[in-house]
Amino acid sequence: MKKALRAIFTQESSFVFSCPAVLWQFVFLYMPFAVLALYSVIDFNEVTGRYFLTAFYYREIFTSLYIQIIFRSFLLAAITAAVCFLIAYPVAYFLALKGSKRFKTFLLFSLIFPSWTSLIVQVYAWFFLLEKNGFISWFLQWTHIISPSFHLLNNYFTIVLGMVSCFLPFMILPIYAVLEKMDKRFLEASADLGADRFETFRRVVFPMSLPGVYAGIMLVFIPSFGEFAIPTLLGGSKYVFWGSVIVDKFLRSRSWRLGAALAIIGIMLPILLMCCVYLGRAIRERYRQRQSKEYTEYLNANKDLWG
Amino acid sequence: MNERLDKLAACARRLMRRSAIVGVYLVVLMAALYVPLLFSYFKTQRTLNVYAFTETFSPEAIELFEERTGIKINITYAELDEEIGAKFAINGGIGYDVVNVSDFMVRHLSKQGYLQKLDYSCLPNAARLNPRLLGRVFDPKNAYSLPHKWFMYGLVYDKNVFKVSPDQMSLAFVFNDPEQLYKKGLVSRPYRVCMIDSPMDAYFLSMLSLFNRFDQFTPQEFDAITRQLLQQKQWVECYTLYTVEYFLLSGIIPIALTSSNFVRKIWDMSDQYEFAIPREGGILVIENLVIPKTSRKGDLAHEFINFMLSDEVATLNSQEYGWTSANKSAQETLDAQYKRKSHLFPDEHVFKRLHIPLFTSYARRCADDAWLRVGFA
Amino acid sequence: MVENRKYLGQFLLPLVVGAAYLFLYLPIFVLVLFSFNDASFSISWQGFSLRWYEKLINSPEILNALQASLIVALATTFLSLLIGTCFVVASRWGRTSFFSNLFYVNILLPEIVLAIGILSLFTFFRIPLGYGSLIAGHTLLGLGFVIPIVRARFVELDPVLTEASLDLGATYWVTFRKVIIPLLMPSLIASGLLVFTLSMDDFLISFFCSGPTVQTLAVYVYSMIRTGVDPMINAVSTCFLVISSLLVFLLCSLKVVDQVLTHE
Amino acid sequence: MKSIRLERVSKSYDGELIIDNLNLEIKAGDFFALLGPSGCGKTTVLRLIAGLETVDAGRIFLGDQEITHVPIHERKINTVFQQYALFPHLTVFENVAYSLRVRKMAAETINARVAEVLKMVRLSGFEGKYPRSLSGGQQQRVALARALVAEPEVLLLDEPLAALDLKLKEEMLTELNQLQDKLKTTFVYVTHDQFEALTVSDQMAIMNPQGDIEQQGTPKQIYEFPVSRFVANFVGNTNIIEGRLHISDRDYQVEVEGLGMFSVYTPTEKLWMIPGCRLLMSVRPEKVLISKKPREGFSNSLQGKVVDIIYYGRSTQYRVRLKNGQNLIVFEQNEEHFPQESIDWDDEVHVHFQKENVVLLEH
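Protein chains in written order, with my numbering: chain A, 2 to 308; chain B, 7 to 383; chain C, 5 to 268; chain D, 2 to 364.
Since the hints were made in silico from the structure, they are not lab data.
From the three backbone atoms N, C-alpha and C, an ideal C-beta is built for every residue, glycine too.
Certain hints may be false.
[As the list claims (entries may be wrong)] No more than 25 angstroms apart at the CA atoms, straight line, and that leaves these computed lysine-lysine pairs for PhoX-like:
(1) 182(C) <-> 78(B)
(2) 182(A) <-> 77(D)
(3) 120(D) <-> 294(A)
(4) 271(B) <-> 59(C)
(5) 185(A) <-> 130(D)
(6) 271(B) <-> 133(A)
(7) 4(A) <-> 13(B)
(8) 77(D) <-> 185(A)
[To be verified] Take a look, some chain C residues computed to stay more than 10 angstroms from chain B by CB distance:
(9) 14
(10) 30
(11) 34
(12) 37
(13) 65
(14) 135
(15) 160
(16) 170
(17) 228
(18) 249
(19) 250
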């Protein structure tokens, strides 16, 4: 018996060791999805006491307010990602290409630091800062930018602000990583070929940093799509988003089946996003092909010139 | 041919080996996950898992209980009755021994058969309870639950802005447009309000303000309520229950539709605010202690409930957090300063205006859906 | 024109960077500052005081929550490092690297979906919620970080080293212990610390999956925030910050921060 | 096609002086090679010319125009970088078209120019490929085309062939040479490989580790008549023998300790050549004849013992220990399958060389 076990162990050693992680993934990620999917398409008839298959909840989502809420969350996530991108790019650019080495390490260190504190703590900090008697209100009133009756909490802007401050480092880091790894000789080569700084940025630095930008957008877009603590705490529950609806469905109104259907749609989101990225690449590739086709046509047209 | 068969056999053997390995792992994992369940059956340790809202039991009271009985208390916090309901729906509340829930949820849980019947022989302190709170419609014989604290949903407002006597305070001040009220000269300035963030209570109060009724509504009336709530959103600063004191005290809003729980805290800070049950009516919330059927420590749970209902501990709790206790004498020993504010301790006349909303599950679903529309607007 | 652009580069860029850092740090700074404020309703500065810390230390609930958080975080770190590393090493040796791209899903999905997924699973099979569900969820997240980081390092390692060790007569186990583990150490430490802080800070999974006996610090803080502005939250948050920064500092002093950054 | 002139140029990094007071003139239309050991600062010179670095002191001229403070992208000088630095996100076509696009030229012109240049480097048909899918030699040619398309006055090449294998290197060298003949652009070629420099250039300069130019001239001048021990050693192999100068009736002789007198010859008399001074004789190994028997008709003959033989195929290298213990290296062409005499280890041999083949160097 012992021998047989030993034989199995040696023959399948790599399977034995790689299995737990994959199993964990299946049990706690894919199986839950299966359960969610099951919840979302199976309903219980209380009269007949039977379970039956239904697409009711999906129809409900696509025909009522829910789809609009999903769009709204999408919009919020897109705005957050866009704002993050606009702030993060200069910072990443500065970190990667300017500044002395030692200073850079310090800046980088201080960049990760806030993102490693709890999101809840950061949100609370903003609440504390923006409240009527908080530092920012006080400052803006003192400088007479806003009137004393104006307050900053509980609106859309505050939600975006909180989101951006929580997710900004996730946008900076991937862009920084790509820019930092980029060979500085490309910049030299570009300058050597007659491009000024702006042209170099437009034609070399930015296109080469695109993988980092995509990664950053993914890392910001997806969590801000599902976020519910920030709209609740900084938005005064006045704005309902996908995340808050799911929480509501699961913890409050107990319509789990609807919540599960909503969640399933949410799972589709990253896949959708990935498709977008691939589509973008394909379009670029097509553009390139067209360009080189034009060029070939040009060559054919001028055959006498170039042989 | 033979070769192929051999290959097939080898393949099958490998498959079997691998599934055996996966099986072993799965068994280990499942065992690890179900261990707590086994523990809950065989545990002899004297601990109680209490599930309650925040600011319910004061740390001192808990300490006192642990000291006197040697029973260790684990408290988990919920924010809403619905959360508790959701946890019960999952597995009948396995793991919890004493739960603190509000009236309508008591009815729901007892209907579903999640609760144990109380044994009054172990609860001598039940006699110390305020009779006004006993035998209410959600548990007419108090077979499953005993009230432990209570409060009202009413209006907290700034006396400088609303120069109205508390008896004349109306829900119109939160449901009607403050601009219009200001133009009519009823208030000294336009303002924004804080609104309760639970759909049921919002619908109930809106119904009271619109139709002066609370028993049922027709679909047309329901739509009218939804319209009113949608319209109200324009002047709502925040949908919240707990942060109300912050919004009032920092002067962002002068009036809030909220619970009487926070009033004492607000009074501690400022004299400017008054609490009133609107003349259309308010909501009475009775929080009760119940024992889930799944609890195997009924004796300890009874001991805990009895302890919490005693005069001494009830006073301790209500003084710590400022809510009104269901215990008669605890209420009497409350600070004299608050006593004179009669509206926190309503007389029979005012008390009659308080109702306990019990929605059918269909009405609740409708309210939930419509509330989503309010949130989305 | 040229002058303008130069101006842009030399002046505007550092300005934007400075503003971004101010934006990230202002709330934290104010938070920490006011945790030492003596006022109970934190409107203005009323003098230095440690009373909120005192209150914090004397609150058994916070200490219980902290204990729960620590247990979950340590178990999560241990588990995700163990099964993550085993997976990376074994799958390379067995050449089944196909599965490793699977684990990016854990980070890419909205966390709330993972949370309700685990909640539904446990409900479906009537498994009691508690430490089990929390550790399951956090480890899922942890694997999403451990496997890519450790794998990046492992792929960089020269396979000749392993082969040399095996060639010299060492068994797989000895090779794993004496060659691979020491070489992977920096990435193990980095991802371990990352997972630890991740688990300490995680809110969503903890919010959905905590059962009757467990309440983590992040969930406790959330329920505190829901109930209003209390300077004790400032004190809790400051402690959070101090713990996190100690960990980050540890990480930096180990000079593996670059690795984390480039492989993220 | 313009000349380049560096006047008293200095440059230091982190307080360390790399280039000190350098003067260098490169004539218009030359294929100029700058040869020096690694780390001597030759790349720095190139970067200074390109504008990738700014000078600390001194002036740089392109033709008659001073370009010391002209920013890099406005100089009509282009560079082929060491590892090519081809933009990985652009196709071959876009890489080559880069400098034209930056100058906002019309699409028609760009197409025509790129086609022309790609044809020139024999890469027509590769337009749509990405650099990573090309071989080393092809990448090299793209880099060349990219630099040439802008029609620079001066083309700088920074060790362009370092990454290629020997065979390909030889091929590319020939091509470069032909290209330069055709274009007549001034090429400045930096390398540490003397073989490349000698093969390819019209003019070359040798830089010593201190960053000074030791000698400038045609490859032949530099190889045959090095002016210093460093140059003689760095360019090709050589035997250095130390001795003392004797002059009688315009006959130059060198007395070497333990070996006696050598007759030498110098085409030009140098200032330091005073009788009795210590000096160095440099004799190229291939200019020495080795035989078992003594031969007639040589100005200098020596005896020694073979201590080492390395067979190179086309030639054989012998190391002969002379009487005074010094080793002399001799290259012998392997001209025949069956040589008349075979020299073996420990054989006593005679070595001969003519006095014209000796170069006198300052000690």
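Hints, one by one, checked against the model:
{"no.": "1", "hint": "182(C) <-> 78(B)", "result": "47 angstroms, violated"}
{"no.": "2", "hint": "182(A) <-> 77(D)", "result": "30 angstroms, violated"}
{"no.": "3", "hint": "120(D) <-> 294(A)", "result": "17 angstroms, holds"}
{"no.": "4", "hint": "271(B) <-> 59(C)", "result": "18 angstroms, holds"}
{"no.": "5", "hint": "185(A) <-> 130(D)", "result": "23 angstroms, holds"}
{"no.": "6", "hint": "271(B) <-> 133(A)", "result": "19 angstroms, holds"}
{"no.": "7", "hint": "4(A) <-> 13(B)", "result": "24 angstroms, holds"}
{"no.": "8", "hint": "77(D) <-> 185(A)", "result": "21 angstroms, holds"}
{"no.": "9", "hint": "14", "result": "43 angstroms, holds"}
{"no.": "10", "hint": "30", "result": "20 angstroms, holds"}
{"no.": "11", "hint": "34", "result": "16 angstroms, holds"}
{"no.": "12", "hint": "37", "result": "19 angstroms, holds"}
{"no.": "13", "hint": "65", "result": "7 angstroms, violated"}
{"no.": "14", "hint": "135", "result": "7 angstroms, violated"}
{"no.": "15", "hint": "160", "result": "30 angstroms, holds"}
{"no.": "16", "hint": "170", "result": "23 angstroms, holds"}
{"no.": "17", "hint": "228", "result": "8 angstroms, violated"}
{"no.": "18", "hint": "249", "result": "28 angstroms, holds"}
{"no.": "19", "hint": "250", "result": "28 angstroms, holds"}
Figure legend: structure checked against the earlier numbered hints; hints not met, in rising order: 1, 2, 13, 14 and 17.
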